[in-house]
Structure formats: C-alpha cells, structure tokens
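S.K.: Residues per chain, in single letters:
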Amino acid sequence: MEPILKVSDLRTYFRADAGLARAVDGVSFEVHPGETLGIVGESGSGKSVTSLSVMRLIPEPPGEIQPGSKILFRDNEGEKDLARVTEEEMRHIRGNDIAMIFQEPMTSLNPVFKVGDQIVESLRLHQGLSKKDAREKAIDMLRLVGIPIPEQRVDEYPHQLSGGMRQRVMIAIALACDPKVLIADEPTTALDVTIQAQILELLNRLQEELGMAIILITHDLGVVAETCDRVIVMYAGQVFEEGSVEDVFRDPQNPYTEGLLRSIPRLGSHSERLAVIPGVVPSATEWPTGCRFHARCPYGWEKTAQEEPPLFEIGPGRKSKCWLVEHPERREEIRRETGGFTPEGALTGTGASTPAAGAPDEGVDVQARDREV
Amino acid sequence: MVHSQTDLEFSPPEPVAGEDPTAGTKGRTPVSGGHLALSAVLPGFGHLVRGEWVVGMVFALTWAAFLGVAFIVWDRIFGVFGGPRTPFDGVLAVGTLGALLLVVWGGALYDLAVRAKRPVKRYGDSQWAIATRHFRRNRIAVAGLVVMLVLYAVTLLTPLIAPFDPAAQGDIVQTRYLSPSFEHPMGTDKFGRDVYSRVLYGSRISLSIGFVAVGLSVLIGAAVGSVAGYFGRWTDTVLMRFTDMMLSFPRLILLIVTIALFEPTIWLVVIVLGLTGWMSVARIVRGEVLSLRSREFIQAAKVLGMSDARIILRHILPNTLAPVIVYATLGIGTTILIEATLSFLGLGVQPPTPSWGNMIADGRDALLTAWWISTFPGLAIVITVTAFNLLGDGLRDALDPRLRT
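Taken in order, these protein sequences are the chains called A and B.
Each residue of the first sequence is one higher than the one before, counting from 9 in our numbering.
Each residue of the second sequence is one higher than the one before, counting from 557 in our numbering.
Careful: at least some of the hints might be erroneous.
Think about it this way: if two alpha-carbon atoms lie no more than 27 Å apart in a straight line, the pair counts; the simulated DSSO-like pairs of lysine-lysine are [what the hints assert, rightly or not]:
no., chain 1, residue 1, chain 2, residue 2
1, A, Lys88, B, Lys858
2, A, Lys139, A, Lys122
3, A, Lys122, A, Lys145
4, A, Lys78, A, Lys14
5, A, Lys139, B, Lys858
6, B, Lys858, A, Lys78
7, A, Lys140, B, Lys858
8, A, Lys14, A, Lys88
9, A, Lys88, A, Lys78
10, A, Lys122, B, Lys858
Here are some of the chain A residues that sit facing chain B, going by a computed Cβ distance under 8 Å [unchecked claim]:
no., residue
11, Met63
12, Leu65
13, Arg99
14, Ile101
15, Gly103
16, Met108
17, Phe110
18, Ser116
19, Lys140
Quick caveat, the hints were computed from the structure, so don't treat them as lab data.
Glycine included, every Cβ here is placed at the ideal spot set by N, Cα and C.
If we strip away everything but chain B, and leave its shape as in the complex, we get (with noise of 0.2 Å):
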C-alpha cells in the first residue's frame, strides 16, 4: 500500500477497561473458614448465619428432605445389596440418592467458597445466560421445571420409597377394591395391588418412554434436516419428499399396525415412537439451516477452509439448538400422551408391568365403584403433561428473542 493518506491513532470507543476487571464481587460479604465449616457440616446453615435467608431455606430444607428419605428407607438400602441378586433399578435408586445428597452438600459449599468471590461480571453474556435470565422471570416456567425435576428424581427413586411391590397381588378377598387409606393412599386395585406403588412405577415407564423416544426423533430430525437443509437440491428433496411421505401417515395408525405385528415390549414401543415423531424436527432443522446457509459467517467458515462435516455439527447445529430444545421438551408430554393412548388401547407396555396408560384402562370397568384406580394416574399424567408443557412454553419464550419482553 502506497498512499497512507489519513494519520488516524488506533483508538477505537472502548469503554470496558478497568484497572482491575476483577474489583467487586456480588455485592456478598466475604467469606470466612466458619461459614465454610458449618456449610460442610450442615448445607445450608453457612448461608443462614449469613443472612442469606432465600438460598440458605433452599440448600437445608433439600438437604433435609433427602436426608429423612435416606433415613426412613435405610433398611432397604441395605436390602438392595443383602439379597441373593442385586437389582439393578435398586442400584441406581441408592445411587441417585447419594448422588442428590452430594449435590446439595457440594453445591452448599461451592457456593460459599467459589462463587461468593467471584468477581461481578461485567461484560460476556452469552445467549444462553440471557436466556437463563429470562427464563428465570418466568414463574410459572420455572414451577414446571422444578416438577419436572421431582418427577424424575422420584422415578429414580421409586424402587427405594414404593411401599409395596407394584406386582404383588395382595388377598383377592380382604384387599381388592380398597378405597384410598392411610395404608393405601390412593386404594387398591381389582388384584388388590397398591395403586400409589403403581403410580410411581409407572412413572419409570412414562418418563423414560417420553426421554428416550423424544431423544432418538431429535437425533434423526436433526441429522436429516441439517443433511437436507445443507446440501440443499436433490439431497433436499429426496429427505424432505421422504419426510412428506412419513408424515402423511396418520402416526397412531401407523403405531398400532407396528406393534401389532411385532410382540410388544417397551423397547419396541420406544423405538416405533422415536421413528415416527421425527418428521417435525427434521423440518424445523431444516427451515433453520436453510436461512443459516445463506449467512456471512458460514461462508466465513468456508472460506477458513472448513470442511461440511465440520460446518454442519460446529457452526450450523449449535444455532438451531434453540428451537428444537423447545419442540424436545413439549414433545415428551405429547410422546407421553400417546404411550399412554397406546397402553390404554393395550398394545403399549404389557401387563403387570405398570404403566399410566394401562392402569387407566385397568380402572375403567369399575370406574363408578372404584374410581381411585383411573383417577390417580390420569392425575399423574396431567401433571407431567403440563409440567413439561410449561417448561416448553418458558422455554420458548426465553430462547427466542422475538418473544422477550
């Protein structure tokens, strides 16, 4: 370059530069070696001689609470490990419970000895901070996520807090048809099996069945929109014409016809539920790619010689994460609903292995003498539904600018 004409200093508006970006913290008292002490001994009460009343309540009532479930079923947490064969649901019980109480614990004491000294940030949000920040406001979002939480903490926990064997028939005579009772609460059924041991094995099923599914529809979703979405022409075409096609089946018709062919089992359940909730996401994927492939930074990352592979899973996905974490959380309750609509119809889960939806359809026949048995789990299902419905709502209103306020 010859001509340097303008004589500009580098000096760009800059306004961040403090002396110490690291002055201040969070506006929180330092911390001493006794707060930290008493946080290691009791969590929660090393926050509480602080003052700070809201997450100190938090950290011990949890603590608390986990505490006196470890402490009401230890003697089955032995039981897990004393009998001839040790089950593997009763293993991963005990070890979420441990698990859950070394959260609380670790998560006491981190926040004492880490986080009270970090400095107040004040620049590097990253979107999925300001998300976090929107989403936090959002009450109603946030109470769906804390149920969706206990949800699966209970389903990890239930081979440990079940008071009965959901399998276990109790005396035709004595114990059939019992409405709900200090024993019982909520009954028993036509087999005089405890409906609340029920209820919460049939969580497992739910629960997982809705994760498990809704994950394998968004891995193929995703793999086939950012594959069509990309290349785009016949590559396009061929994956979204296929696409057309699976969604032009009616999805419960499709369901039922799979697994009346094949013997039912829950795997089978899971897979056929995968396989047929993915159209939806491949498309979102793609309408997703499609106006991200056209954006300067992607050809930016062509230009630094960035192979596809490489543009697709680094560059391309990370950007439609947003709406698909949406779709993926609304979708468990729909995948939910319908593992429920198939076990009601008796082609999902087989009994007497408990699941929402054939405990409904156990139910019905006595439904104005006995009306505990459908009742209960329906409940359990509502809930979950709208649990995971809110949390999509929240969810979607958080991840998407357009909708903040």
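Extracted from the complex, chain A is given alone in its bound form (with noise of 0.2 Å):
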C-alpha cells in the first residue's frame, strides 16, 4: 500500500545562543493509511519537534527545515512536498487533512468561546458549512468523541469541562474536518490513568470508524504496546529503531531500544532497583561524534565512538541505527561480562559528564524516570 505520509532525511535546525541545535537530524519514515504509528524516545529526542515539522508549525527564524528535506503528503490530487509548499497551501492542509491534539488540554481550548463554537469555526472555515449545518456536524462530534448531553454541552465553555471532557473535544476539533492523519502529540500525558485509558480507547475506536492513520507521540512504552501497528524509536534527533510494535518489544535491536524497555518495571517481577540508561540525553548542539548513544551505552567501543553507523535494514520493516548489526558478538561478550544494563548503570555510568539536554536532576531522579520511560 502507497504511504499517505512519507518523510524522508527531514533535519530541522534551530539557531540557538549557544549554538545550532540539530533537533532533528536526518529522520525518515513513512505512515500508511488507516495504521497508527508509535514515536517513543526521551525528552528533547526530537519527537515533537519531528511532528511540528510535519505541520510546518516551527517557528522561522530561529527554526529551520534544512533544504533536502522532504514530507511527502499524499491526498487525492496527488503528492505534495509539505517541505515545500506555500504556506496559503499549508493553512488549506492544517486541520482539513492532517489534525493535531495536542498534550495539554485544560490550555488548549479557547477560554472565551464556547466548545461548540470551536468546532463549528473549523468546520466552516474548511468545509464551508452553513452555520446551522455546522453546528448540527458539532453536535454528532460531540456526541462521536463520548460526550454525554452533546446538545447541552455544546454551549458550555472550556472552564466548565473536566480535563478528560478537554481532550474529547479537542479530540472533535481535530476530526471534525474528517482528516487523513491525526498527530497526537502526547495526548495524555496530562490526564490521570483511568481518563488515559478512556482516551487510548477512543481515538482506536474512531480510527476504526474513520480510517485515518494516527501519528502517537509518547514517552509511554504502555501506551504504544496498547495502540500502535509500527513503532520508531528516537534518541538525539534520528531513528534508532524501527519496527512492528510486536517485533520491537519482543526483540530489540538497538541498544537504545533495550535500555527503554529494560528500565520498565514490570507486575510480578520483584527488584530492588531497575535498570537503567546512565546519563541524560546530550545537548543538541553538541551531539557527540560516531554513534550518538555511545557514552551511555554499555556495548560501546573505540568504533562506536568515532564513525556513526548508518539506519541498517535488519528486516521486513525492521531496521537499526547501530555497529552492532556488523558485529553481533559483541552484545553476547559484553553481556556476559558486565550483564548489559544494570540497576548499577546509574551511578557508575559514563553519563555523569554528559552535558544535559533537560532539567539538571532529570539524569539523578531515578525513580521518576522509571515511572516514565
């Protein structure tokens, strides 16, 4: 099947004070209709960045879609270089063909506009309803996203919904327009478990009844197990991994990959400590050389830290940005001898010198990152 969405060697560059920030740097992968696509990775891997790029939503100046970058957009006319197009263009793509909910949406809403009147001005801006059809459209979104009483709720503002209620009508802002990708970046992220669960299980079940495909940013693993086809692993700006949800989590290839899923803990299963990745993700603007995981990866040797290795193919889908595919017995030596990722990995790993690409403790606060990646 012809991709909807093909991204290929995209690098958006920030100018920063310190700096150019590579922030993403070289990523490409491609999204087919009706599936839901994973991207998971640390905080300031790129992941959102990546997805404001697809909506040419970077700030300009100081962002930059470096030239060579290509997002190829596939509708009925034909395929469009979302890289490339007028932004006149761009603003008829934005909300009619690809949507976006985003992570927050208790800020997200307009507070001075009731829901209703949100929906209904996507709607006639895009599709050109009358008002009365519009609002009778908003009314069935509503009613599609699990609103109880859409009639009523229709005129409610913001401030009067529950946060899980936000979401579901951020959710309808974005679908009403009937778009072919939906971008979730980390859409609950800001909602307690159970409200999670119940958005998890909406957007499944309307991308069952409307067939678009889902981009899902998230640092869950959780999540992407529950609901994606194919899932990209992104560390420092590039893919790491790629693969089918099942093929990753049960046998990752990259390094990177296996110290996510190793410092999760599981039910059942009793530790003292989990193991972890030592150290923070780098800096943006100064990536180290070679493999850009090196110093926190517990594999790496003098060729790891000098040229960086190409995204192999591994497999069907299956690929890996790592010098372990050339050289397989390395990950049995070295796990042999030291186990790999270790619980101890926090406090004796190389990280410590790294600079920090988040906030100064995010490398020491063991216990919150386990919750988290």
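Please assemble the complex out of the two chains, which come individually in their own frames, going by the hints.
M.R.: This is the structure:
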C-alpha cells in the first residue's frame, strides 16, 4: 500500500545562542493509511519537533527545515512536499487533511468561546458549511467522541469541562473535518490513568470508524504497546530503531531500545532497583561524534565513538541504527562480562560528564524516570 | 491500532444529565395574561401586582420620570420639527427620549413575558456572566455606572431640557452675575447667560470628546499592540520603539503645540487627544498578546489552519478585552480632565461654544464675587470623572479573576 505520509531525511535546525541546535537530524519514516505509528524517545530526542515540522509550525526563525528535507503527503490530487508548499496551501492542509492534538487539554481550548463554536469555526473555515449545518455536525462530533448530552455541552465554556472532557473536545475539533492523518502529541500525558485509558480507547475506536492514520508521539511505552501497529524509536534527533510493535518489544535490536524496555518495572517481578540508561540525552548543540548514544551505551567500543552507524535494514520493515548489526558477537560478550544494562548503571555510568539537555536533576531522579520511560 | 487491552466502558463522570434540563423557573410565579396587559399599559405595575416590588418600582418610577420629561417638554418636541430647519441635535434628543420610553416599556414586558419563563440555568456561565455577577455586588461601581448612564441620557436630551439657549446673552445690565435662583438654578455669567444651560450643553462636548477620543486610542492601541505582540521580532521592535518615542513626549505640550499650529476645533481636539492616548493601550495589549501567543489554544488554532488575521481578531483580541475595557473607562475620565485643561488654557473648545473647561476659565476672574460661574462646571467635572473612575475600578475588580473576593 502507498504510504499517505512519507518523511525522508527531515532535518530541522534551530539557531540558538549556544550554537546550531540540530533538533531533528535526518529522520525518515512512512505512515500508511489506517495505521498507527508510535514515535517514542526520551525528552529532548526530537519527537515533538518532528511532528511540528510535519505541520510546518516550527517558528522561523530561529528554526528552519533544512533544504533537502522531504515531507511527502499524498491526497486525492497527488503528492505534495509539505516542506515546500506555500503557507497558503499549508493552511488549507492543516486541520483539513492533517490534524493535531496536544498534550495539555486544559489550555488548548480558547477560554472565551463555547466549545461548540470552536468546532463550528473549523468546519465553516474548511468545509464552508452553513451555521446551522456546522452546529449540527458539531453536536454529532461531540456525540462521536463520547460526550454525554452533547446538545447541552455544545453551549458550554471550556472551564466548565473536566480535563478528560476537554481532551475529547480537542479530538472532536481535530476530527471534525475528517483528516487523513492525525498527529497526537502526548495526548494522554496530562490526564490521570483511567481517563488515559478512555482517551486511547476512543482514538482506537475512531480510527476504526473513520480510517485515518495516527501518529502517536509519547514517551510512555505502555501506551505504544497498547495502541500502535508500528513504532519508531528516536534518540538525539535520529531514528534508532523501527519495526512492528511486536518485533521491537519482543526483540529490541538497538541497545537504546533495549535500555528503554529494561527500565520499565514489570508487574509480578520483584527487584530492588530497575535497570537504567546512565546519563541524560546530550545537548542538541553538541551531539557526540560517532554514534550519538555511545557514551551511554554499555556495548560501546572505539568504533562507536568515532564512526556514526547507518540505519541498517535488518528485516522486512525492521531497522536499527547500531554497529552491533555488523558485530553481533559484541553483544553476547558484554552481556557475559557486565550484564548490559544494570541497575548500577545510573551510579557508575559515564553519562555524568555529558552535558544535559533537560533539567539538571533529570539524570539523577532515577525514580521519576523509571516511571516515565 | 492492534491491541485494545483495556475494556473500559465509556462512562466519564457526568453530573448534569437531568431528564428535563428546562425544569424549574427562577422561583417566580407563573405569568398570567392580566399581568402582561397591565404591564403593557403601565410598565412596572405588572410586576407590582405580582409582589415583585423592587423591579416593579424601578420600572414604574423610570417610566414616570421619562413620561414626565416628555410631558414638560411637549411644546419643544413639536418646536423641533415645526421650525424652518430641523436641528440635528433636537431630532437626536427626541429620538433618545422615544428610545428610552420604549426601552422601559419593552423591558418590563420582556421581563414578564420571556425572562420569567426562562429556566434556571444550571450550567453554562461565560466569563462575562461571572464578571457581571461580581460587578453587581460592588455597589459603588454600580452607582458609578448609573451616574454615567444618567449623564449620557442628560447629554443626549440637552436640547429638550435646557431652559435657555447657552449662547444667548441676557440684558447686560439686568441679568449679568445673577446668583442662583429659581429661574437660573446655577446663576448667570458675565454676559447674562444661564450657567445651568451652559453646563448641560458643555456636558455634550466633554462626554463625547472623552468617548470618541478614547475610542480612537483603543482602536489604534489595540491594532499596534496586537500586531507588535503577535508577529514579534522586528515588527515588534519598530512598533514598540515608536510607542516609546510617543510616550516620551509630554502629552500636554504635544497637544498645545499641535493645537496652536492649527485652528482649534472640536474635531481637532478629539483627534489629537486620540492620537496621543493610544500608547498605554498598545503596551497593555502587547503584553497580553505576548502571553497569549504561546498558549496552546493559539497553537491549536494554527494547527486548524487559521490565518494570522483570523487568529488575532477572533482568538487573541477577545482575550485581551478585559484590561482594555478597564483602561478605556478610566481613560475617559482622564481625557475629560485633559480637555478641560486645554479649554481652560483657551486651546480647546472655543467660545461661545460652552465646555466645562472654558466655563471655569470664564468664571476665574469673578471667582470672589460670582463663585457659581466656575463652581458648577467644576462640580460637573468632579462628578463625571469620579463616576468613570469608580466604574473603571469596579470593572477591574470584576474582570480580573485575581482581584475577585
């Protein structure tokens, strides 16, 4: 099947005081109609910048999508390169063909308008419906996303709705114009766990009913396992591993993916301390030479510190960016010697000297990270 | 999506669902046809027979007051249309009187026929409804609002209710410097003109200048501030440095120079006041826009493919309205004062057109012998400006959630 969205060699750089920040550096992936693609990675790995680049919402300047980047979007008329279309065309695509929902439902709705009017506005803008028809459709959309008594809710203000309700309204707004691709940037992070499950369930159901493709950006591996068909793992602005969810989770090929999966607590197994990836994501203005993960990787050796590995094709739809693909014997050797990712990694890791990308305590707060990544 | 591990039913916490959301009216007894008929003949009495005393008395008294005014000035109403030419302000005054009567009559009827039947709203308060509720509790601010409304009503009705022509000079020997009496409630000035009539006509100048000039500065300020704040970067730099430059001129001197260069007319004063007053609005709006711009709902509007103009006009400006309204209300008071200052200095409205400022200037020489000439326009200024300031303070308290108690 032809992919509906094909991103190739996307590079988005920001001019910062500290130098050129290469936030997204050569990312390629495809999204097929009707599938759910998960993008996972730590904070600072470039997930959100990737999605904003696809929407062309990078503030320019300081940001810039570098020449050579391609974002091919296929619609009825053919293929368009979103990196190149005019702002005018892009406005027509946003909301209409590609929609997006955000992490923070509390602030994503305009506080001075009734929620219904916010759905109506988008419908009238993109589909030219009459006021009355748009209102009917808005009520239908609210019903579709599982809001009870939509005839009444349509006239309420955002501050009268709970967080979960607001996220449902956001989804209703995003889906009102029947988009072909929905980008969900951490849609459940700000919600509590039961509401999270409801929202994911809702997205699941709507995808079956409406048949759009979803790009789900998250740092919650549990969410990915539950909802996605395929997953790409991002680190330091690059794709490190790609494959179907079952393959990647059962048999992670890239040490970074392995580290992420090892750091999740499992129900039933009792252990004093979780395995962790030592250190933090390095700063985007000075990525390490060689493999960008080498300083935090227990399998690293001289070659990884000097040469950057390509994204090896290791099976049908399966990719990994790691020299271990060519030197599989190293993995077994290291595992025998030190055990790979270990609970002690956080304390003895080499990451302490790496410049931090996020908050200074991010690498130290082992407990919090265990829960998240 | 392949897996669906959880199997939760869609049962989000939902409080409101009553079978009949229209159940229950505002605790008011049902309205009969008799009440409506009575209200149609005598506004307010429909409420009174139902035992709704406060509302009924307000409607009945205002109706009586307006009807009384209409009765007293009956001849003048015909005079407006009977003369050789129809004066615009006279038509406006008659129109205003008619509109006021219609509003009271219709308001009483509407309250009985529609609002009494309206259901109790168990949901759905806009932030404006909440602000209104808070505003109502602030009695002083409500008093300011009432005074302001009365002032504007009086201003519009002036040609009908002023006893004398404000420019007509009396007998220079007999009627100059008359102290307040029944015929001249505020006395007469050195040309024998009736001070009361002149104060009434002067209100027209002061209030309309305040209103129009502040309207102009709010328009300019909101445009400059929102464009600067939204687009940022060099647009912001250029516009805000220009604003800073304008701010660094002493306003009064700028006004004096401009007015001295051209012939001072009312419109010149209004335009100059408007053009020199927008900087604070621009700064307020820019500040608000800067914080709004990074809010997620603006990002969400962009994601929905809305244009910059649409985002500014529909999504950003309505969110900056509250501080601007407060500023405008307070600004009207300030502008009235500045106009009075200019007129006092002889640079504003030119005689014989009365304005409060130039009336005070007129009476300055005779302050010891004829105190009433300066005092009454001075009092008018004090009352007006105080009313606007009280209203502005009340609005700020009501509109700013941080100040609500």
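S.K.: Would you mind marking each hint as holding or not holding in the structure?
M.R.: Consistency of the hints with the structure:
no. : hint                  : in the structure
1   : Lys88/A <-> Lys858/B  : 20 Å, holds
2   : Lys139/A <-> Lys122/A : 14 Å, holds
3   : Lys122/A <-> Lys145/A : 15 Å, holds
4   : Lys78/A <-> Lys14/A   : 8 Å, holds
5   : Lys139/A <-> Lys858/B : 22 Å, holds
6   : Lys858/B <-> Lys78/A  : 21 Å, holds
7   : Lys140/A <-> Lys858/B : 24 Å, holds
8   : Lys14/A <-> Lys88/A   : 10 Å, holds
9   : Lys88/A <-> Lys78/A   : 10 Å, holds
10  : Lys122/A <-> Lys858/B : 18 Å, holds
11  : Met63                 : 6 Å, holds
12  : Leu65                 : 6 Å, holds
13  : Arg99                 : 4 Å, holds
14  : Ile101                : 7 Å, holds
15  : Gly103                : 4 Å, holds
16  : Met108                : 4 Å, holds
17  : Phe110                : 5 Å, holds
18  : Ser116                : 4 Å, holds
19  : Lys140                : 20 Å, violated
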